[in-house]
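Protein sequence lines correspond, in order, to chains A and B.
Heads up, the first sequence is in our numbering, so the first residue is 1 and it goes up one at a time.
Heads up, the second sequence is in our numbering, so the first residue is 1001 and it goes up one at a time.
These are computed hints drawn from the structure, not numbers from a lab.
Backbone N, C-alpha and C define an ideal beta-carbon position, used for all residues, glycine too.
Some hints could be false.
Claimed, not checked - Derived DSS-like pairs (lysine-lysine); straight-line CA-CA distance at most 25 Å:
#1 B:1371 with A:63
#2 B:1374 with B:1315
#3 B:1170 with B:1032
#4 A:112 with B:1374
#5 B:1518 with B:1003
#6 B:1374 with A:116
#7 A:100 with A:63
#8 B:1371 with A:113
#9 B:1440 with B:1429
#10 A:116 with B:1429
#11 B:1374 with A:119
#12 B:1315 with A:63
#13 B:1222 with B:1032
Stated by the list, open to error - To be clear about the criterion: a stretch of chain A counts as covered by chain B if any three or more of its residues have a C-beta under 8 Å from a C-beta of chain B, and this derived list gives those stretches:
#14 61-67
#15 130-136
#16 152-162
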Amino acid sequence: MTNSNISRRSFLKKAGKTSGFVVLAGGVVQLTSFNAWAAKKSAIDNHVAKTMLLVGKDMFPGKRFSDDLYMIAVDSLDGKASKDESVKSALADGVAAFDKAAGGKYIDASSKKRMKVLKSMEGEGFFNTMRGEMVNVFFNNPRVWAVAGWEGASYDKGGYYLRGFQDADWPQPSEDASPKGWWE
Amino acid sequence: MAKKFDLNDDTVAVVIGSGAGGGTLSNELAQKGINVVCLEAGKRYTTDDFVNDEWAAFLQTAWLDKRTTSGSWRVATDFPGLPSWIVKSVGGSTLHWAGASLRFQEHEFKVKTEYGDVAGASLLDWPISLKEMEPYYDKAEDKIGVTRTHGIPGLPGNNNFKVLYDGAQKMGYKDCHTGRMGINSMPRDGRNACLQLGFCFQGCKSGAKWSAGYSEIPKAEKTGNFELRTEAHVIQITHNKAGKIDGVVYVDKDGNQQKQKARIVAVAGNSIETPRLLLMSNTSMYPDGLSNSAGQVGKNYMRHLTASVYALMDKPVNMHRGTTMAGIITDESRNDPSRGFVGGYEMETLSLGLPFMAAFLVPGTTGYGPKMGKFLDNYDHMAGMWIVGEDMPQESNRVTLNTNEKDQNGMPVPNVHFDDHANDLAMRKHAFGKGTDVYKAAGALDVFETPPYPSTHNLGTCRMSEKARDGVCDKHGKSHDIANLFISDGSQFTTGAAENPTLTIVSLAIRQAEYIAKEMAKGTI
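Here chain A stands alone, though its shape is the one from the complex (with noise of 0.2 Å):
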């Protein structure tokens, strides 16, 4: 835990004077959501949180989906990491196997070459990780909902009845084909 945090603090040492991995072959990472991050305790150090971050952003990048959001899947892994020391120790090697795949950093690679690590991992312990907690976690955080479209539960805003279940741009079909509403 020292260990970490020490690497943390001179990983923002780093940054404040170089802004640190800021840019990256497959775009640029939000380095003050990363910052916010980094200041809290952490089971993990910060390139085994930069190269998850990537990891899920590679696996499901999304133009609405900022830096902030992807960080819910490696806070996720780092409260498991946190808890278990055999999680945290399975990250550390999940992303030193990245790395020596990539032939140095996977945060260094290319998009390119990104892409041919992430084929070359599937179904492998890290690789399996980081895709459940995009799908399981990620993709099952209210605010990714948000920027996704996706509106959550309905019941209790009365459902959709009167809340643009028909509102697409899309021709109205006949009255045969989809009846008026009881409520109309």
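Knowing the structure of chain A, use the given hints to seat chain B on it.
Leaving out everything else, chain B in the frame of chain A:
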């Protein structure tokens, strides 16, 4: 009101399962004055308990007991412990069903005659015809309150339907509408009208969708002839020295084994548990399990073709607003071998919320990448359909006991083996093409051809047949081998047809109740 029967009461009819088959059969028998004990493995949830949350509802209601898979179907790779997506709760999978209530077509009851020999397929004609089924379909539609029958208006189509309909018109399809649905388009039978919640799969919180759990069971309870026991998981059906069924052994909610005596037993545990239970009930008199003298129990497992097409449209759709299955194109459901396969398929809108879309759009380890990210990022631009087609029965597709693995009661788990038939593959390819064409016509930028989910339509593992050697039960679901043992769920299906199975399961249960009451009155069972 609800009655209690003694464990030693050997005059009762024991019904195993409370879903489309068991829930309906229980109520129909109780209405006729027959004493029924219904044993349900799951808990009882009311509309108040249902949650508009995909994963929470799944964990609350799904059948998650240990199971194994084998075969070349992709489900065995992507979801090795979850061959089916069904419900463990009072009401069974009618809690989860989307509501599509379609009658089978005439030819689908006699596919062996219509399709001829199909290599590798164990096709067989049903021992009943559409004509014989029609009065029961009519009763089932009235019971369920199926839209577009009995003067009940169709439902209003939602956004997902508008896209489907536009594509269908541009493709020249003739039969596209909001379907025949077991969802109230207006208040009926004590149930509300649909509020277009968009959470049909999670248990309908508005109670607009017919579900055996709150539509049939409470009516049965009112007769005073019916007892429901929840968290009562049957592990064995027992028989007397003469070979007739005399009761069941179940594990109660405290983990204790109980024995309930019975005059007859009707099994409706869905098409994996039903054959499993018959196989687990083997004795020295029935060494291969009950009703298995022909060796047919567990064979001919069918799961419908199934596939989905999800499109990324050029404008917002918000497909999640409103009913999950909001409309249908039936034009491809005909049998037209010139397409390169026998049988047909229905195209029905389907939407998943973002959490499930992430899990199912491309399931398994290849489910990631730029295209998938783009779709999920633009969830509000997505439209989707599910393809339900007739799959070929094959003897090698079967439910067996996996004696290497034990469930929570120490019983062998079911293994579900499935390989697609060449006809299934040809039909799926065709359906992916047509589904894609529908969305391209309606302005799609891109599409995903999504492989089958864990099976929701589990069919055919105890099929009905005219001749005892070809199946497990007769045209009333009565075991060919044992006169007081009945099969009462979708495992009776001789073949699968292209239509969603619930209406046919309910119709068969109504018909079976009539038969059982008549035979009991005559004293033959």
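Exercise. Quick one: which hint numbers does this structure break? Sort them smallest to largest.
Key: Result: hints 3, 7, 10 break, sorted rising.
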